[in-house]
Amino acid sequence: MDDILLIDAVERYLKGEMSAEERTFLEDLRKKDPEVDQMVVEHTFFLNEVERYSAVKSFKHSMIEAETKLTEEGAINQSKLQGKAKLVYMWKRYKRITAVAATIAGVVSILTAGLTSVYNNKTNPEIEKLNRKLDAIKIGQTQTNKELNAVKSKIDPKATPKSGGTGFLIDAQGYLITNAHVLKGKTIIATNEKGQQFLATVCMMDNTRDIAILKIEDKDFVPYKSLPYSISKSVNLAEPVYTMGYPKDGIVYGEGYLSSESGFQNDTLSYQIAIAADHGNSGGPVLNKHGDVIGILTDKSAGGGVYAVKSMYIFKTIESLKKDTAYSNIKLTNTNNIKNLDREHQVQKVNNCVFLIKSYE
Amino acid sequence: MSTLEEEKLILKGLAADDKQAIETIYRQNYAMIQAFILNNNGSQDDARDIFQEAMIVLFEKARSDSFELSSQIKTYLYSVCRRLWLKRLNQMQRYSGNLENMEETVHVEEEVELHEKRNADFTLMENAMSKIGEPCKSLLDAYYIQKKNMQEIAADFGYTNADNAKTQKYKCLMRLKKLFFAQYKNVQ
Numbered sequence: 001m002d003d004i005l006l007i008d009a010v011e012r013y014l015k016g017e018m019s020a021e022e023r024t025f026l027e028d029l030r031k032k033d034p035e036v037d038q039m040v041v042e043h044t045f046f047l048n049e050v051e052r053y054s055a056v057k058s059f060k061h062s063m064i065e066a067e068t069k070l071t072e073e074g075a076i077n078q079s080k081l082q083g084k085a086k087l088v089y090m091w092k093r094y095k096r097i098t099a100v101a102a103t104i105a106g107v108v109s110i111l112t113a114g115l116t117s118v119y120n121n122k123t124n125p126e127i128e129k130l131n132r133k134l135d136a137i138k139i140g141q142t143q144t145n146k147e148l149n150a151v152k153s154k155i156d157p158k159a160t161p162k163s164g165g166t167g168f169l170i171d172a173q174g175y176l177i178t179n180a181h182v183l184k185g186k187t188i189i190a191t192n193e194k195g196q197q198f199l200a201t202v203c204m205m206d207n208t209r210d211i212a213i214l215k216i217e218d219k220d221f222v223p224y225k226s227l228p229y230s231i232s233k234s235v236n237l238a239e240p241v242y243t244m245g246y247p248k249d250g251i252v253y254g255e256g257y258l259s260s261e262s263g264f265q266n267d268t269l270s271y272q273i274a275i276a277a278d279h280g281n282s283g284g285p286v287l288n289k290h291g292d293v294i295g296i297l298t299d300k301s302a303g304g305g306v307y308a309v310k311s312m313y314i315f316k317t318i319e320s321l322k323k324d325t326a327y328s329n330i331k332l333t334n335t336n337n338i339k340n341l342d343r344e345h346q347v348q349k350v351n352n353c354v355f356l357i358k359s360y361e
Numbered sequence: 001m002s003t004l005e006e007e008k009l010i011l012k013g014l015a016a017d018d019k020q021a022i023e024t025i026y027r028q029n030y031a032m033i034q035a036f037i038l039n040n041n042g043s044q045d046d047a048r049d050i051f052q053e054a055m056i057v058l059f060e061k062a063r064s065d066s067f068e069l070s071s072q073i074k075t076y077l078y079s080v081c082r083r084l085w086l087k088r089l090n091q092m093q094r095y096s097g098n099l100e101n102m103e104e105t106v107h108v109e110e111e112v113e114l115h116e117k118r119n120a121d122f123t124l125m126e127n128a129m130s131k132i133g134e135p136c137k138s139l140l141d142a143y144y145i146q147k148k149n150m151q152e153i154a155a156d157f158g159y160t161n162a163d164n165a166k167t168q169k170y171k172c173l174m175r176l177k178k179l180f181f182a183q184y185k186n187v188q
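So the sequence lines, in the order shown, correspond to chains Z and W.
All the letters of the first sequence, read from the start, carry residue numbers 1 to 361 under this note's numbering.
All the letters of the second sequence, read from the start, carry residue numbers 1 to 188 under this note's numbering.
These are calculated hints, taken from the structure and not from any lab test.
Positions of the beta carbon are idealized from the N, C-alpha and C atoms, including for glycine.
You may find that some hints are simply not true.
What the hints assert, rightly or not - Pair ranges (Cβ atoms, derived):
id, chain 1, residue 1, chain 2, residue 2, range
1, Z, 11, W, 160, 21 to 29 Å
2, Z, 73, W, 9, 43 to 51 Å
3, Z, 217, W, 113, 54 to 62 Å
4, W, 71, Z, 111, 56 to 64 Å
5, Z, 315, W, 18, 22 to 30 Å
6, Z, 331, W, 130, 32 to 40 Å
7, W, 18, Z, 45, 25 to 33 Å
To be verified - Derived list of chain Z stretches under chain W, where covered just means 3 residues or more per stretch with a C-beta under 8 Å from a C-beta of chain W:
id, region
8, 63–76
9, 202–211
Unchecked claim - Capping the alpha-carbon separation at 25 Å, the derived lysine-lysine pairs in DSS-like fashion look like this:
id, chain 1, residue 1, chain 2, residue 2
10, Z, 60, W, 87
11, W, 171, W, 148
12, Z, 339, W, 19
With the hints as extra help, turn the sequences into a complete structure.
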């Protein structure tokens with residue numbers, strides 16, 4: 001207990017909160033007792049370290065915010081170089097590598113040309129079939145969209161949702177992605193973490209890959225300037241991942257790791273991840289440590305595991321959706337400005353891009 | 001180009017972690033530093049790192065008691081970045097002859113050395129903080145970083161009174177101190 005008193009005294013001494021009397025007393029004590037003196041010196045040093053740590057930490061945070069803001073404004077140019085400067089820069093940096101690569105590329109291309117001419121003969125009929133199915137579904141959905149636009153009140157408070165889950169923005173204009181199985185009803189309401197509700201319509205649904213794209217069509221919705229995360233295709237076994245979703249009405253954070261690069265019964269559409277997740281987490285983003293989206297969480301928990309649809313199918317889905325002229329302006333998020341933030345701050349930014357999805361009859 | 005008075009004002013803001021001041025310095029200097037790094041074998045990311053580090057050097061300098069900047073902010077930042085980048089290139093053994101000189105420089109070697117030592121301390125503290133676990137981390141954070149008083153902390157964390165919170169804070173602080181000094185002595 002004496003130590004507590006002493007530490008407390010030292011802290012007040014350093015902050016200048018002591019009365020003159022107390023000061024003299026402590027200073028006397030220091031002179032008489034070298035152990036006390038040593039403790040004061042050590043604690044002063046330590047508190048200075050803590051103080052500097054906290055100052056630099058908050059300064060770093062302010063700096064990253066300033067960077068992000070200025071990059072968005074275009075006042076500083078971080079992600080892109082343009083025109084000549086870029087060429088010169090690339091050339092300076094890579095000239096040696098380029099020379100070697102060119103030589104190898106020459107040899108390889110001659111070889112491949114030879115090999116391809118021998119082996120090239122197959123295309124995949126499965127993909128053709130899938131595409132046709134997709135078209136059929138799209139037509140069905142356009143129909144539903146029209147009906148939905150007519151809905152005036154957002155939702156009857158007494159209505160019970162048919163199904164629900166999580167969805168997240170992939171385009172700042174208001175395109176959401178989620179699992180197809182989350183959408184069993186016709187009227188879809190997306191609720192953000194502040195509790196604001198928005199009407200959403202289905203742009204497309206792919207039951208095989210369990211992906212659906214929604215568009216928030218609501219006059220109350222203000223499109224975002226940009227999204228904090230980008231979408232990344234590269235993953236590593238055992239890398240730490242986290243997710244955010246709505247297993248209940250409030251948003252819930254969970255973390256885990258990538259445990260397999262294939263899903264249930266070697267399903268190559270998905271990854272297996274070890275993470276605490278509930279049904280409501282379905283459709284939520286799976287992010288890596290940089291805050292890049294690497295998949296869509298799905299709870300096809302047939303084997304008891306948790307799986308995530310691979311992010312490459314987000315790209316593929318959007319590619320095929322873009323063929324429809326109504327959606328040709330979709331622009332997938334492609335810059336990550338939370339890469340250098342710590343987890344708490346990443347989560348703060350991702351928070352308002354993750355929505356609770358409920359579908360009603 | 002800002003006048004001496006304006007520069008003093010900016011530095012005062014910087015010392016107080018003021019967003020406006022930080023933005024102003026970025027606006028006035030980032031492009032120049034980025035061009036320097038890119039022209040000398042570096043990437044966009046390198047430029048960003050080096051600039052951030054130089055900003056921290058300037059920040060620490062601005063908030064020290066004996067603060068006096070004998071050159072313009074621009075010259076100072078450039079000198080620090082140049083020094084830091086030279087060191088970095090040496091470490092990576094990518095040094096390709098002379099660094100081109102875009103600006104005049106001032107003598108900053110000692111300050112960069114000091115910064116590196118502080119940087120190491122920062123990492124130690126960060127490690128120690130990450131090891132003490134919850135609720136210690138939040139508790140110390142609330143007291144030493146957010147500068148809340150014990151009554152508020154007791155209320156936030158659900159301690160029945162400020163004295164209990166204080167005892168808990170003391171225990172946590174001792175743990176942090178032990179972790180920090182254990183590494184500190186290893187490094188020294």
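Quick check on a hinted range of 32 to 40 Å for residue 331/Z and residue 130/W, using CB atoms only. Taking Cβ atoms as reference, residue 331/Z and residue 130/W lie about 38 Å apart, which means the hint holds.
Between the beta carbons of residue 315/Z and residue 18/W, is the distance compatible with 22 to 30 Å? Distance hint for residue 315/Z, residue 18/W is violated at roughly 42 Å.
Keeping to a limit of 25 Å between CA atoms, is the pair of residue 171/W and residue 148/W held or broken? 18 Å, holds
Is 43 to 51 Å respected by the C-beta to C-beta distance linking residue 73/Z and residue 9/W? 22 Å, violated
Given a hint of 25 to 33 Å, does the C-beta separation of residue 18/W and residue 45/Z actually sit inside it? 28 Å, holds
Range first: 21 to 29 Å. Now tell me if the beta carbons of residue 11/Z and residue 160/W are that far apart. At roughly 22 Å between Cβ atoms, residue 160/W and residue 11/Z fall inside 21 to 29 Å, so the hint holds.
Given the hinted pair residue 339/Z and residue 19/W, is their Cα-Cα distance within 25 Å? 20 Å, holds
Report holds or violated for chain W covering the region 202–211 of chain Z, Cβ cut-off 8 Å, minimum 3 residues. violated (count 0)
Do the beta carbons of residue 217/Z and residue 113/W sit within 54 to 62 Å of each other? 60 Å, holds
Can you tell me whether the CB distance of residue 71/W to residue 111/Z sits inside 56 to 64 Å? The hint (56 to 64 Å, Cβ to Cβ) holds, given that residue 71/W and residue 111/Z are roughly 60 Å apart.
Against chain W, does the region 63–76 of chain Z show at least 3 residues with beta-carbon separation below 8 Å? Since 8 is at least three, the answer is holds.
Pair hint residue 60/Z and residue 87/W, alpha-carbon separation not exceeding 25 Å: Holds, because 22 Å separates the two Cα atoms, which is no more than 25 Å.
Checked against the numbered hints listed earlier, the structure breaks hints 2, 5, 9; every other hint is satisfied.
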